[in-house]
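Undergrad: Chains as they are written, first to last, in the numbering used here: chain S, 1 to 427; chain E, 1 to 427.
Keep in mind that the hints are not guaranteed to be accurate.
It does not matter which identical chain is used: a pair holds within one copy or between any two.
Using 27 Å as the maximum straight-line C-alpha spacing, the simulated DSS-like pairs for lysine-lysine come out as follows [what the hints assert, rightly or not]:
| id | residue 1 | residue 2 |
| --- | --- | --- |
| 1 | K226 | K55 |
| 2 | K272 | K282 |
| 3 | K121 | K241 |
| 4 | K12 | K73 |
| 5 | K386 | K369 |
| 6 | K386 | K127 |
| 7 | K12 | K237 |
Just so you know, the hints here were simulated from the structure itself, not pulled from any lab data. Given the structure is predicted, the values throughout are model-derived calculations rather than measurements.
2 protein chains.
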Amino acid sequence: MERTLVNEISGKPGEKVLIKGRAMVVRKLGGLSFVVVQDRSGSIQVVFEKDSGIKVGDAVEITGEVKKDERAKGSFEIAGEKAEVIANNVEDLPFDLARNELNLTVDNLYDFRPLSLRHPKIQAIFKIYDLLLKGYEEVMREEGFTEIKTPKILEAATEGGANFFQIKYFDKKAYLAQSPQFYKQIMAGVFERVFEIGTAFRAEPHFTTRHVNEYTSLDAEIAFIKDFYDVCRILNKVLGKIFRKVGEEGAEYLKLYNTQMPEVPEEIPYVKLADIKKIIEKKYNYKISEGTDIDPEGERLAGRYAKEEFNSDFIFLTHYPWSDKPFYTMPSPENPEETCGFDLLLRGMEIVTGSQRIHLYKMLMENMKRKGVKPDGMEFYLNIFKFAMPPHGGWGMGSERLVQQILRLKSVKEAVLFPRDVKRLSP
Amino acid sequence: MERTLVNEISGKPGEKVLIKGRAMVVRKLGGLSFVVVQDRSGSIQVVFEKDSGIKVGDAVEITGEVKKDERAKGSFEIAGEKAEVIANNVEDLPFDLARNELNLTVDNLYDFRPLSLRHPKIQAIFKIYDLLLKGYEEVMREEGFTEIKTPKILEAATEGGANFFQIKYFDKKAYLAQSPQFYKQIMAGVFERVFEIGTAFRAEPHFTTRHVNEYTSLDAEIAFIKDFYDVCRILNKVLGKIFRKVGEEGAEYLKLYNTQMPEVPEEIPYVKLADIKKIIEKKYNYKISEGTDIDPEGERLAGRYAKEEFNSDFIFLTHYPWSDKPFYTMPSPENPEETCGFDLLLRGMEIVTGSQRIHLYKMLMENMKRKGVKPDGMEFYLNIFKFAMPPHGGWGMGSERLVQQILRLKSVKEAVLFPRDVKRLSP
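Based on the sequences and whatever the hints tell you, model everything.
TA: Below you can see the structure in the form of C-alpha cells.
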C-alpha cells in the first residue's frame, strides 16, 4: 500500500490509507486511544478502539480509514486499524514531547537539542527560518540579484583584525571570514546585483542574548546606485515582499508564538544617528556614552520611538560616524565626520548593517591612510578599484536575529539549530 | 531620467532611454562608434555617430533613442546621444575583455580573478551556478524538504579524522566541518526531509582537477525510506526537474559552451560496484587495483559504459564495500561485506555520494566496534539513535563538480569564484 501524506488526506474521505510519522501525542479516554501523528506535511489524529501500543515519540506506520469529522483539527481524522512501531525510544525521553510548552532550562534546551528540536513549538522556529531563507532566495532573484558563494577561508585577517578565528591551513595560517564583504563588492562589479547566504564567523568573546560566534548572514551588494538611500529602498522593498510571504505561508507557526509578522512600511522612517541620540536623551532621559555609536538600550529606545512616532516596527539609523565605520565606508558628502553607513532596527534591535562603499581608488587610499589601515593582504581587493568600479553599496543581515525579533525569542541562540558560543561547541 | 534595464528596451521603441552598465566591446567603423553595454539584465549595442569617449571595461551611463533593427542581437539597438563614463580603468586591463576567449594561463586566470570574472564566458559559468542553486532551492521545497543551516565549527574531528582543518576556538581546539552528516541525520528525525546548501571544508592535500579544499555541498536527508533505492529515486527526480529548469533558463549561457544540459533519464541505470569493475576489465581492459573501490579512470570508463549501454550521461554505482564506507553506512542486507552506499556519476565523474544510514542503536554500536571507531566526541549524535530514529538516508552533492561536468570544464576550480587549494588562499 502506498503512503499517504497528512496533507493529502482531505482528498480521500472514506478511503483506507497508510500514514507514516512520529507520534506526538498519545491519550486514552474511555476505551479509546488517540494518537496525533506528524509527518513532513502536517499532523492528524488517529483514533483506535483499543490500545494501539504506540508511545509518545515513536516512529510509526498506521493504516486506517479516513473519516470526516468537523470537530477534528483539519476536519479529518483516521479510524486506526493497524499500527506498527518502526522505531521506538530505547530510553525515556528527557522531557514530555506532548506538552504544549517544553519549559526547559537554557542548558537542557541545548544539551538535549537533537530531541528538543522535535517539539512542535521549537520546530516552528525553524519552519519560520526555512520560510525566511525561501523568501530571501526568491525575492532577491525577483529583484535581479545573482546568487554567489564566496570563500570562508581567508589568507589574511583584514577586516578588523582581532575578531577572526585562526585556522591551520596545511603549513600556513589562515582565517575564517567574518563576512563576504570584499568578495561581494568585487562581484557587484561583475553581476551588478549579487546576494549570498553564507556562514559568518565572529571570534567575539560575547556573553549576550544577541550574539553567537557562528551565524548565517544574508548579504547583498548593488552597483550603479545613486547614494546609500538606493540601498535602503531596495532593502525596504525586499523585506516587504519577504515578510508578506512568510506571514502567509507561516501563519500556523506564528500562531504558536501568538504573533504576526511585523508590518514593513512602504517607506521605513530614517533618522540620523546623531539625531536619535538627542531624541532618546530628551524623550526617554537616556544618555548614550560619548564615543559609542549606540548601545543595546539606545537601540531599544530608538525602536520605541519608531513605534510611538511613526507606528513602525522598523527604523533606519543613518550617518554613522566616520570614526566607527570600516575604511571602505563612503564618507558623507555633507559632513566628512559622518558616513553613508546605516543600521536597520527591527523592534529595537539591529538586524541589518549597510552602507555605500568607496568606489574610487584614490579616495579609498586616502581614507585608509587617515584610518591607519595597512593594505597588506588586501591587495587583491584594493586593486579592483583601479578598474572601473561603479558606485555601489550593500548590506549584511543576521538571519537568526530576524527570527529572534519576529518571534520575540529571548535569545538569538533559540533561532540557531546548534548554536556556538564561547562555551558551547556541542552538540 | 529614470534608468531603463536592457531587458526592458524592447518595450520602448522610439523612446529616449537612460541605460547604465559596463562597456564590454568598443569598435569603430567608418565614422561610427559601436559600444556593447552589459547590465544585470543583458547587453545591447549602442551606436554613436562620433567617438563616444568610452573605452572597453568602463562603467557608463548612456542616453539615446531605442531603434528597432532586425540585424541587431535582440532586434534592438540604441542611437547614442550622450555618454558619461562614471568609472574608468586607471590602469590597462591585464587582458582584452572584448575577445571571445580569454585564453589566460591557469595562474593568471585566478590571480586576476576579480577581473577575469567580468568576461562573458566566465560570467556564464556563474550564471549556470546561480541557476543550479535556484533549482536546488525550489525543487527541494517542492519535494517537501525543509532548508536547514548546521554548524561548521565542530568540537571533534569525528568523521574520519585526518582531513579536518583545525581552528583555534578561544582557549580550545575545534575543527571545520567536512560535511553536515551528523546534523542532517538528526534533522531528518525532526522534519523528515531536510536539505542544506553549505560550505564543506576538506584538508586533503590533493593536486587534482577534481578537488578543492573548500566547496559548496548540496546535502539532503530523508526519513521513512524503505531502502537506499528510495534515496536514489528522489535524487533522480530532483535532478531531472533541476536540469530541465537550468536548460530552459540558462540556454544562452550553455550556448557559449556549445553544450546543452545532460538529459536525466526517467530511471538512471544502476550497476553494482563489483559488477562495474568486472565490466570495465572485460570491456575496456582496465583493471582497478585491489583494495580500491574505484579510481578516476574507472569512473571515466563507467561513464563510457553508461553512454554505450544505456545512452545515459548518468549512472548509479551501488553496494560500495563495507570496508570503504563510514561507520554510519547501512550494511547490505544481502551481503554484509557490501553496503547500501552509492555514488552517482555524471559523464564519468562522481558528483554525488549517498547511502542509507544505520538507524538502530545496537547495530550502530556493533558496526563501530567492528570498524574500531571510538565514540568520543560523537555522543550527541550516537545517542539520538536511542530515540526512535526512523529508517533514513541521504546524499551530498558537489555543486561545483556538477557545473564542471555540465560545461565540460577542465578543472573544478573554474566553477569556484575564488578557489582554495593547497597553494592558493588568495584572492
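Undergrad: Are the hints correct? Go through all of them and say.
TA: Hints and how they fare:
no., hint, in the structure
1, K226 - K55, "between (62 Å within a copy, 22 Å between copies)"
2, K272 - K282, "within (15 Å within a copy, 76 Å between copies)"
3, K121 - K241, "within (25 Å within a copy, 33 Å between copies)"
4, K12 - K73, "within (16 Å within a copy, 54 Å between copies)"
5, K386 - K369, "within (17 Å within a copy, 60 Å between copies)"
6, K386 - K127, "between (45 Å within a copy, 25 Å between copies)"
7, K12 - K237, "between (41 Å within a copy, 25 Å between copies)"
Taken one by one, the earlier hints all hold for this structure without exception.
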